[in-house]
Amino acid sequence: LAKTTQPISMDSYEGQEVNITCSHNNIATNDYITWYQQFPSQGPRFIIQGYKTKVTNEVASLFIPADRKSSTLSLPRVSLSDTAVYYCLVGALSNFGNEKLTFGTGTRLTIIP
Amino acid sequence: NAGVTQTPKFQVLKTGQSMTLQCAQDMNHEYMSWYRQDPGMGLRLIHYSVGAGITDQGEVPNGYNVSRSTTEDFPLRLLSAAPSQTSVYFCASSRGSEAFFGQGTRLTVV
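Chains as they are written, first to last, in this note's numbering: chain A, 1 to 113; chain B, 1 to 110.
What the hints contain is simulated information worked out from the structure, not anything from laboratory work.
One or more of the hints may lead you astray.
Pairwise CB distance ranges (calculated) [unchecked claim]:
(1) B/P39 with A/R45: 18 to 24 Å
(2) A/Y51 with B/G16: 45 to 51 Å
(3) A/R77 with B/R77: 43 to 49 Å
Fair warning: this is a prediction, and the values are worked out from it, not measured in the lab.
Here a beta-carbon is modelled for each residue, glycine too, at the ideal position from N, C-alpha and C.
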């Protein structure tokens, strides 16, 4: 699986847009990019997944440039409840889904009132 | 909707004791997996299963056994607990793009 690099931590104020960038220089042709969110004492929760260009859902947007060597998770107008660790994962999908998920240390996002 | 249910939530073991962490899912997912998370670290894959009767090792399988007799259940066994196995354990199931995680079991080995 392609190794990912993310900032260890980020701070932001409530109401701002937060962008977390992930580098994955060795991403393979059949790899997808997936982001998970983890609150303290809870299991990770799927946020968004994409392959190229832009993906948007009710929670976030994911921007992937043409070379796919990086991706940016964008959280619009964050609130205190968005304080969590965010993980960027890269891997191929199969018939069973995104198995063998490889989690790095993630980005600890702290939202300041 | 229960999703992925793990029991127990907390457990303290003495070194050398054995125990089984339970994991059950009600989403009829073929794929299930176990991870451990140490303080300040990401999750590391212990074992996984792509269906009933099929299991395989992940990144850190030593000291753990698994079996998958049904689609719903995927128990994790610690045969002889060691302090190095003190961690939070997460079970997950998935089909397609999204993995669903349980709430975790916090295990302390003394």
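Should the hint that A/R77 and B/R77 are 43 to 49 Å apart at their CB atoms be regarded as holding? Given range 43 to 49 Å: holds, Cβ gap about 46 Å.
18 to 24 Å was suggested as the range; check whether the CB atoms of B/P39 and A/R45 agree with it. holds, 20 Å
For the pair A/Y51 and B/G16, does the Cβ-Cβ distance stay inside 45 to 51 Å? Cβ of A/Y51 to Cβ of B/G16: about 48 Å, so the range 45 to 51 Å holds.
The structure is consistent with each of the numbered hints, conforming to all of them.
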